[in-house]
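Protein sequence lines correspond, in order, to chains A and B.
Quick note: the first sequence uses this note's numbering, first residue 13, plus one each step.
Quick note: the second sequence uses this note's numbering, first residue 807, plus one each step.
Derived by calculation from the structure, the hints in this document are not laboratory data.
Pairs of lysine-lysine residues, derived as DSS-like cross-links and limited to a Cα-Cα distance of at most 27 Å, are as follows:
hint : chain 1 : residue 1 : chain 2 : residue 2
1    : B       : K1064     : A       : K195
2    : B       : K980      : B       : K990
3    : B       : K1107     : B       : K894
4    : A       : K140      : A       : K125
5    : A       : K140      : B       : K1064
6    : A       : K108      : B       : K1107
7    : B       : K1013     : B       : K980
8    : A       : K140      : B       : K1066
9    : A       : K183      : B       : K1066
10   : B       : K1066     : A       : K426
11   : B       : K990      : B       : K945
12   : A       : K426      : B       : K1064
13   : B       : K1064     : B       : K959
14   : A       : K426      : B       : K980
15   : B       : K894      : B       : K1018
16   : A       : K338      : A       : K355
17   : B       : K1066     : A       : K195
18   : A       : K183      : B       : K1064
19   : A       : K355      : A       : K273
20   : A       : K426      : B       : K873
21   : B       : K1028     : A       : K426
22   : A       : K40       : A       : K50
23   : B       : K873      : B       : K894
So you can see what is in the structure, the chains are spelled out below.
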Amino acid sequence: MTDATVQPGAEGRPVKSGSLLEQDARTKRRNAAEARFKFYGMAAVGIGVIFLILLLVSIVRNGVPAFTQTFVTVPIYLPEDKLDKSGVRDPDVMRKVTTFGYAPLLDDALVTKLEDNGIEMPFAKPSKLRDMVSSSAAAQVRDTVLANPDLIGQTVDFKLLASSRVDGYMKGRVTRESLARDKNLDAEHLDIVDQLHELGTLERSFNWAFIFGSDASESRPEQAGLGVSMVGSLFMMIVVLVLSLPIGVAASIYLEEFAPKNRWTDLIEVNISNLAAVPSIVFGILGLAVFIQFAHLPMSAPLVGGLVLTLMTLPTIIISTRASLKAVPPSIRDAALGVGASKMQSVFHHVLPLAMPGILTGTILGLAQALGETAPLLLIGMVGFIASNMPDGVAAGFLSPNSAMPAQIYEWAKRADPAYYERAWGGIIILLVFLMTMNIIAILLRRRFERRW
Amino acid sequence: MSFIKLTASTLAIAAVSATAAAARDQVQVAGSSTVLPYASIVAEAFGENFDFPTPVVESGGSSSGLKRFCEGVGENTIDVANASRAIKSSEVETCAANGVTDIIQVRIGYDGIVFASQLNGPEYTAFEPADIYNALAAKVVKDGELVDNTYAKWTEFNADLPDAEILGFIPGTKHGTREVFEEKVLVAGCEATGALEALTAANGGDKKAAEKACMEVRTDGKSVDIDGDYTETLARIDSNANAIGVFGLAFYENNTDKLKVATMSGVEPSTETIASGDYPVSRPLYFYIKKAHIGVIPGLKEYAEFFVSDDMAGPDGPLSAYGLVSDPELADTQSMVEEEKTMGSSS
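Taking the hints into account, I'd like the entire structure generated from these sequences.
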């Protein structure tokens, strides 16, 4: 084997002659693969961005109309002989006249309004005009009169909600064609609406009641608001925060700093990670069985909702707390121990304060996740026609039936009237604003306080 | 150690609140999603006109409502169950086993079930129960013989129907609506097509088993169970021009801009034709009250009386405006609620 070193240019072997500036086929192939991969990556990001934009645009486009509502101003005469026969102006006596007693006043007022403005009355029955205003109008007039009995005998201007279909017409959702087969409203109504709109007594304006109001029944979507369920969500979040933060932090400090490393703590760790991946509906069933059927807590109460969501949030908080405790360098602990601090002093005086930004970030993200959760609430009775009473006090806030924001949105999306569909989208906007605020707070906390070593 | 104090006090609060089951002061209702709109309208007006808080109305379906109703007596159980069908004897037994014995049955009115399709879709304008049976049942009679249903188009069994693919969205089995669909449409169609006779023969003369076989729907994807609400059916219809769906009359009347309805046996569904009994596919709606809760839960009896009052459930009331077909015997129901007459007690 003396001539083992083959001369360059010997038969059968190509010359390796290329320069680095000149690409051979193999290099070209590798470069092309890299370019392709870059393109795939960009395409993946692009698709994600497009979907996000589509989602946001459709949410905003469908949801923004829910924030405005059509109101019609009507002067209503409040006759004494109908509303207060006794004449003593005692609200307790006047309460006997129900909303059904107030409804005819609306008919009279609307007929008078048409006459005064020279608008032709197309219907034989005056009660047909009432379809233009919300069925909440009678209750609105009644509440005003009961709160202020001296108004009786006068003509008072009321700003009434227009019915959902009139509102839909002003928003372009309802047209004369789509009303052709609708029994709730006729095209003649829309003629009147047009004329009233020209007169300036029927207008769209911002609807605070959508943000602060309570849920309404199926027959009056124009009145429904998210306010009460927002309060329900608030009380649930209080329960979640007060329970899951101390329990979660205590558990992770023990596991991270004090617990011996053995089979049992390994088992617990694995189970915590598994719990974080358990579908939330499972916690709902657990909540139904344990808190309602066994512990006899009240149904539909934010307290129970909060307890269930606490179970769901705990693993998230424990995992993020342990991660931020781990991120504190051991030198801090060693230094504290070295100057004579006890183990507990080193943890509570040095490690925990340094880990706090991470813990808070994890907690806020856990809360944000809990805020958007619907599935477990289905099973403990927080979905339905529930959020109609504002709780009167802190104890009632925890214990009296209420809904939550995502549950309310889910409920609206199920209802028959198309106006509720719009409100569901509007509710999503409010929910997203809350979630984004919480996430921004989390980011700010991290930016402001996080330390790197 | 303020942190430990905080933890300790939190746990204490949790423990205290867990033992204090607060007294309930509002009526709690659950059940049929068909009755939910009516119940919510009543609950809202009840809260407005009375000094009681607005009742809480949950949905979930007739069966799940009655199941919760029968869980027992006490403040942590519901007071009223809404149902789009009558309570079954098996449910009455479960109730009795759990101590729920005195049940007041209240019929609030009638509801029509309609077959609707996309407004601009094929001309599904007139159906007979036989057409629906032929389209959706598991076994049909073809050329005098009982065979598995392989019809793909409506024209294959009725030349008057549009030349379109068969696709039906029907309520899932947890809905009370399904039962009416089975009894008033499938069984009727089964009889009309002669399948009932063939099935009775196949089952050795057992008519009950044959009727049960009539209610089976095909499983090749042409008949789809919808377990959600009517909004889900509407969304499916929206994306399938050829499909027909089963809706409640009130839901259809709120969505006439998207749906068109078909006649059944030549009768157009409307509150009038259902009240007169001409439209064949209708069913009574009920709610059930625990008598033991009357006097314990404030406002329960008032709620029930208000529900069936002429102002609410009468022919000119808001329930009828929403789509309920009011009960011609409403006066009897009113006196029954007034006297708290329970089921089974002789009237």
